[in-house]
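**Student:** Here is how the chains run, residue by residue.
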Amino acid sequence: MERYDIAIVGTGPAGLEAAITAKIRNKKIILFGSAALSEKVQKAHLIKNYLGLPEAGGADLQKAFLDHLSQMEIAITDEKVTLIYPMGDYFSIQSSGDMYEASTVILGAGMVPGKTYPGEETYLGRGVSYCATCDAPLYREKTVAIVGFTPKEEAEADFMAEYAGKVYYFPMYKDEVHVREGIEVIREKPVSVEGGMKVEKLITTGSAYDLDGVFFLRESVSPGQLVPGLEMDEGHVKVDRSMKTNIPGCFACGDITGQPYQYIKAAGEGNVAALSAVSYLDALRRAKA
Amino acid sequence: MAVTVITEANFENEVLKSDKPVLVDFWASWCGPCKMLSPVVDQIGEEMADIKVGKVNVDEEPGLARQFNVMSIPTLIVFKDGKAVNMSVGVQPKDAIVALLK
Ligand SMILES: Cc1cc2nc3c(=O)[nH]c(=O)nc-3n(C[C@H](O)[C@H](O)[C@H](O)COP(=O)(O)OP(=O)(O)OC[C@H]3O[C@@H](n4cnc5c(N)ncnc54)[C@H](O)[C@@H]3O)c2cc1C
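If you read the protein sequences in the order shown, they are chains E and Y. Position in the first sequence counted from 1, then plus 439, gives you the numbering used here. Position in the second sequence counted from 1, then plus 60, gives you the numbering used here.
Be aware that one or more of the hints could be misleading.
Claimed, not checked - Subject to a maximum C-alpha distance of 35 Å in a straight line, what follows is the list of computed DSBU-like cross-link-like pairs (lysine-lysine): (1) LYS704(E) to LYS591(E); (2) LYS683(E) to LYS154(Y); (3) LYS637(E) to LYS140(Y); (4) LYS677(E) to LYS519(E); (5) LYS519(E) to LYS479(E); (6) LYS581(E) to LYS95(Y); (7) LYS479(E) to LYS502(E); (8) LYS95(Y) to LYS479(E); (9) LYS581(E) to LYS154(Y); (10) LYS143(Y) to LYS637(E); (11) LYS677(E) to LYS154(Y); (12) LYS502(E) to LYS467(E); (13) LYS482(E) to LYS502(E); (14) LYS95(Y) to LYS462(E).
If you're looking for bench data, these hints aren't it; they were derived computationally from the structure.
Produce the entire structure from the sequences given, and follow the hints as far as they go.
**Tutor:** Here it is in structure tokens:
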């Protein structure tokens, strides 16, 4: 498999600046994220504190960033990264599209997703799961709830319905839902997961459902789930001044590392993370020589 | 050490009656995270002479998965002296897997 020097996750200012800096240092990079850039870039109102772009709106910032990328011939791989696994001297990366390998990883995935539901962590692996395609066949003939945070998860509900006896789908968005016949769509919000040794019930704002499994399918996963073994500090990825995490070769930058949440701070940290990754790669090469 | 494919038929001999601790990996071919974990489990099997590594394909062996309450894969279970003594669900870093065996 092709081995990249640096894999970068996120197309906000943190990931983009990391990509630009790494490219200038002649590293072989792959940049994952939305090709239209971070929503926080696209949809910003008026930004007054970004150096060189006074009074920029989201569209201006997006255009300036995209122009910079194309000038540097940096391509975006428009895929969601689902798992990054440290293999020793490289990382194995799984995305919605494919598998990749890189010697180092830079996480610029933005703010850590919000709180989990009561019972969710307690029953993880005992009826709570985040991967319907992985676990669907373990729920043959069983009753399952899928909590989908984006319409993309409707396909997961359809897949689950091929195995499970009964599927409830809880859309956490307003759009019209298109799932296969037999799936019961319920417009209630989950409150908690309850059970004994295993999951038995999903409590919602309107009712309670007896079931065997609950799948929470969120837009983004928490960094600890994304990179097994990653050390966190009060909800953010723990880094030092060089943006190193506790995992050798893994760096983090931007909102994911904590406050303040600012564009230029994110970009600045992206720059530091890329330079640290470059030094790490140099040390790795020297060690091998 | 070579990895043993565990089935209901050989489970008792290969796992319960094993004189070494057995690290059993419950996996399936459709499961992406399992594919990532698998080579690391193999590596541990090669590096640690005093353990054995077994693999249960949950698609082919739903009975074993049910018996050990495997509801998410990958799941790793460590058996010692005929008993399940440790379990972890999901992809784990290598040192966490080694710690399960301690
Ligand atoms: C309403 C509002 C107003 C703001 N105003 C200002 C301001 O005036 N000035 C200022 O400095 N800051 C402002 N900010 C803060 C600023 O938006 C953030 O600090 C900045 O966007 C952080 O950049 P980032 O690159 O760390 O993360 P983000 O911009 O959040 O980008 C992260 C990207 O990573 C992607 N991603 C996440 N997980 C994955 C994955 N698994 N695989 C692939 N991609 C993934 C996300 O989809 C996202 O595109 C404002 C924020 C908000 C919400």
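**Student:** Compare the structure with each hint and give your call.
**Tutor:** Hint check results:
no. : hint                   : result
1   : LYS704(E) to LYS591(E) : 32 Å, holds
2   : LYS683(E) to LYS154(Y) : 20 Å, holds
3   : LYS637(E) to LYS140(Y) : 24 Å, holds
4   : LYS677(E) to LYS519(E) : 22 Å, holds
5   : LYS519(E) to LYS479(E) : 17 Å, holds
6   : LYS581(E) to LYS95(Y)  : 26 Å, holds
7   : LYS479(E) to LYS502(E) : 13 Å, holds
8   : LYS95(Y) to LYS479(E)  : 34 Å, holds
9   : LYS581(E) to LYS154(Y) : 33 Å, holds
10  : LYS143(Y) to LYS637(E) : 20 Å, holds
11  : LYS677(E) to LYS154(Y) : 20 Å, holds
12  : LYS502(E) to LYS467(E) : 24 Å, holds
13  : LYS482(E) to LYS502(E) : 12 Å, holds
14  : LYS95(Y) to LYS462(E)  : 31 Å, holds
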